[in-house]
Amino acid sequence: RSASDRLLDAARACLAESVWADVTMAEVATAAGVSRQTLYNLFGTREQLGQALLFREVSAFLEDVELSLAGSGDDPERALESAFAVFLDGARNNSLVRAIVVHDDPGLPVS
240 RSASDRLLDA
250 ARACLAESVW
260 ADVTMAEVAT
270 AAGVSRQTLY
280 NLFGTREQLG
290 QALLFREVSA
300 FLEDVELSLA
310 GSGDDPERAL
320 ESAFAVFLDG
330 ARNNSLVRAI
340 VVHDDPGLPV
350 S
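Here my numbering = 1-based position in the sequence shown + 239.
These aren't lab readings, by the way, just hints derived from the structure by calculation. Check before you lean on any hint, since a few could be wrong.
Pairwise CB distance ranges (calculated) [stated by the list, open to error]:
no.: 1; residue 1: Thr263; residue 2: Glu320; range: 39 to 47 Å
no.: 2; residue 1: Arg317; residue 2: Ala242; range: 40 to 48 Å
no.: 3; residue 1: Leu301; residue 2: Ala260; range: 22 to 30 Å
no.: 4; residue 1: Tyr279; residue 2: Arg317; range: 40 to 48 Å
no.: 5; residue 1: Thr263; residue 2: Pro315; range: 41 to 49 Å
no.: 6; residue 1: Ala324; residue 2: Thr263; range: 34 to 42 Å
no.: 7; residue 1: Ala318; residue 2: Phe294; range: 24 to 32 Å
no.: 8; residue 1: Ala265; residue 2: Ser311; range: 39 to 47 Å
Being a predicted model, the structure only gives us computed values, none of them experimental. We put the CB at the ideal spot given by N, CA and C, even for glycine.
Required output: the full structure, derived from the provided sequences and hints.
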């Protein structure tokens, strides 16, 4: 895995333990086993790190929805049911997706 992926994984893990407003760059760097300077070199600012994390998580979430649609064949009702089930599962079981969908972490850079 790349350094960027390791840092995003670390940021996600830190976010699972806290709200975004309490997640620090130092904490993310330590969790990833790199220096803060490496983190800043790769992402620039804390907000840019947050945006990169959100982009990655939303992309993976949408990919899961698309895969469920593709696996439904030519049955539009089955496709909608499958996609909606994936959406609900993500909103229920993925803390970051839930924070995005219901905005229960106002510190996330969702704009």
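Results for each hint:
1. Thr263 to Glu320: 39 to 47 Å: Once the Cβ atoms are compared, 42 Å apart, the range 39 to 47 Å for glutamate 320 and threonine 263 holds.
2. Arg317 to Ala242: 40 to 48 Å: 41 Å, holds
3. Leu301 to Ala260: 22 to 30 Å: Between leucine 301 and alanine 260, where Cβ atoms are some 26 Å apart, the hint holds.
4. Tyr279 to Arg317: 40 to 48 Å: Check passed, 47 Å falls within 40 to 48 Å.
5. Thr263 to Pro315: 41 to 49 Å: Distance hint for threonine 263, proline 315 holds at roughly 47 Å.
6. Ala324 to Thr263: 34 to 42 Å: 36 Å, holds
7. Ala318 to Phe294: 24 to 32 Å: Hint holds: Cβ distance 25 Å, inside 24 to 32 Å.
8. Ala265 to Ser311: 39 to 47 Å: 45 Å, holds
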